[in-house]
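Colleague: This is what each chain is made of:
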Amino acid sequence: MKLRSPYGRLDRPTGAPRALQLVRVLPVLILLALALLAGPDALSAQQTELPGSRVGEQSLRAYWHVFAAYTIVILLIGGWAVSIARRLRDVEDRLVD
Amino acid sequence: MTTVGVRRGATGLTLLGLAGLVGLYWLSFFWVSTEATQGVVQRIFYVHVPAAWTAFLAIGISALCSAVYLWLRDDRLDRAAMCAAEGGIVFATIVLTTGPLWGRIAWGTYWTWEPRLTLTLLLWFIFAGYFMVRSATDDPDKGKRYAAVVAIVGALDIPFIHLSVIWFRSLHPQPVVAKPEGPTLPGDMLTTLMFGLGTFTILFFGFFLFRYALEGLRAEADLRARRSAA
Numbered sequence: 000m001k002l003r004s005p006y007g008r009l010d011r012p013t014g015a016p017r018a019l020q021l022v023r024v025l026p027v028l029i030l031l032a033l034a035l036l037a038g039p040d041a042l043s044a045q046q047t048e049l050p051g052s053r054v055g056e057q058s059l060r061a062y063w064h065v066f067a068a069y070t071i072v073i074l075l076i077g078g079w080a081v082s083i084a085r086r087l088r089d090v091e092d093r094l095v096d
Numbered sequence: 000m001t002t003v004g005v006r007r008g009a010t011g012l013t014l015l016g017l018a019g020l021v022g023l024y025w026l027s028f029f030w031v032s033t034e035a036t037q038g039v040v041q042r043i044f045y046v047h048v049p050a051a052w053t054a055f056l057a058i059g060i061s062a063l064c065s066a067v068y069l070w071l072r073d074d075r076l077d078r079a080a081m082c083a084a085e086g087g088i089v090f091a092t093i094v095l096t097t098g099p100l101w102g103r104i105a106w107g108t109y110w111t112w113e114p115r116l117t118l119t120l121l122l123w124f125i126f127a128g129y130f131m132v133r134s135a136t137d138d139p140d141k142g143k144r145y146a147a148v149v150a151i152v153g154a155l156d157i158p159f160i161h162l163s164v165i166w167f168r169s170l171h172p173q174p175v176v177a178k179p180e181g182p183t184l185p186g187d188m189l190t191t192l193m194f195g196l197g198t199f200t201i202l203f204f205g206f207f208l209f210r211y212a213l214e215g216l217r218a219e220a221d222l223r224a225r226r227s228a229a
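Protein chains in written order, with numbering that gives the first Met the number 0: chain A, 0 to 96; chain B, 0 to 229.
Hints in this document: simulated from the structure, not taken from any laboratory.
Cβ coordinates follow ideal geometry from the N, Cα and C atoms, glycine included.
Be a bit skeptical, because a hint or two may be false.
[To be verified] Derived DEER-like restraints, expressed as beta-carbon distance ranges: (1) Y62(A) / D137(B): 50 to 58 angstroms; (2) D73(B) / Y62(A): 44 to 52 angstroms; (3) W25(B) / G77(A): 14 to 22 angstroms.
[Said to hold, decoys possible] Computed footprint of chain B on chain A; a stretch qualifies when at least three of its residues, placed anywhere within it, have a C-beta under 8 angstroms from a C-beta of chain B: (4) 61 to 71; (5) 80 to 91.
Bound conformation, chain B alone (with noise of 0.2 angstroms):
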């Protein structure tokens, strides 16, 4: 695909999110009912959960890439890899600011050393890592090699964090979707949860192929300042 027709996939989806965006802030104020125990700060659910699971798939994208980066060292895969890892690190972020503000008035705290808050955590930090990897050496190839194994490691907390609620005693609440029984919540939590799911997701394959093809004309600029120089 050519860098113009990323972008104008990329305008399109983003343009989709960002209404979508809209209509969960309508449905999380307006319409969906209060929960009965927690009150009007369960709210927050509904979009620190979707910033979960995006947090989760960006960073499973960046990981898949840089596996198979690693296999054909196809310059293209790490750079998908990179903007993967870019928008994995802002929904960790939305992830670690929004679920304090609950905590704060949930568990009168806003920052406690359970598992999954630490594992949480942790990921961003190895996310965090690894730019400082790709920019640390003075070769490009090696720096790339690094954070690719660096993406491989991070993903693999993914399914501890996930875990971490069931094998551990946790302060954090079990899983109320992702479930062998199915999903237990009522019905117009269950779809705002759905539609800000779906509008995350959205929202990041907008702005990960508008960050695709920065990288591409990037990729492209550089080649042409070489040239020029030579």
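Next comes chain A alone, as it looks inside the complex (with noise of 0.2 angstroms):
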């Protein structure tokens, strides 16, 4: 339950004020640190990429096709863990048993 104090401002709990604050800032300063990190490199990079002219040529086609062979890599990856985890459940069923 929310406390409201006597000038009408909501009072935080008495826990860690400032930790909460630094939680709730962390992602963004993490972003800002790999965005200056990553910036001008990720500049150059861009700098040689395909003129106007060809991007345009890029099908939606080609797109589909990369966004599918990631998802495929996440997909293998994570089933093989998964079934990794069931397995070693059921083994250690059987030993406690």
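Join these two chains into a complex; the hints should help.
Modeller: Have a look at this one:
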């Protein structure tokens, strides 16, 4: 339940308010750090991209194929992980019995 | 190493590998430049080639463990060979599914019976046969021995897969990294590819260790069951 102070402001619970603020800010800081680290390289990498006329030639189908390939990788690796985890749990159950 | 130690190592490697996979996807989609002639579909290369390398590594480990198993008859080697073979099948499946997706755009067809594709498919079938042979005999030791021979024969296919694009007239692109005069890829593409190779290798070893721990526990459970039956 939220507490209301006599001045009408919402009081924070007496936990660690600074830590909470840090947790809220942390993802933004990480994203900024990543952008700063990758920024110049990413910029130089993008400069060698296709000229504008060639970009238009890229069909949407090529993008779908790339996304499908990357999804297959996640599905197969994830499937293998789930399969190992299930078998591990079954064997552990057998050992407990 | 104890099963607990193996699982601890497996957890560390798997988490590192999964973090690497996130990094690889970020590099592939947002950082690396688009190849000038093939366009965006060339980005499949950053998962296709590392998967091929990892499949060959896994199958190589499986064949090596199988060969030593035939010599020493140590069940731990047979277990390691089987775990590596399972990884080989998974990564070979990634190769055989992502490659045709690239081929559809680059060649206009999902599949063509050219040497490298055919030999890779043959490798997949040999290792599918590896698991069938293991369970096809009444005597488990005989199944292990037959499977070890299949793993060694299957691994002999790998040099042919690599050299097929040089020996035969092939549609498949020539090597761009493993060649005598060194890699000919631009820097950012080579970085992304190498990052992918490292990530897939770490992931394979993480899952391999989990799988090895699983087989160790299964052997222990079977032993307990036999003892209680006796």
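Colleague: Could you run down the list of hints and mark each one as holding or not?
Modeller: Status of each hint after checking the structure:
1. Y62(A) / D137(B): 50 to 58 angstroms: holds, 52 angstroms
2. D73(B) / Y62(A): 44 to 52 angstroms: Once the Cβ atoms are compared, 50 angstroms apart, the range 44 to 52 angstroms for Y62(A) and D73(B) holds.
3. W25(B) / G77(A): 14 to 22 angstroms: The hinted range 14 to 22 angstroms holds for W25(B) and G77(A), with Cβ atoms some 18 angstroms apart.
4. 61 to 71: holds (count 8)
5. 80 to 91: holds (count 6)
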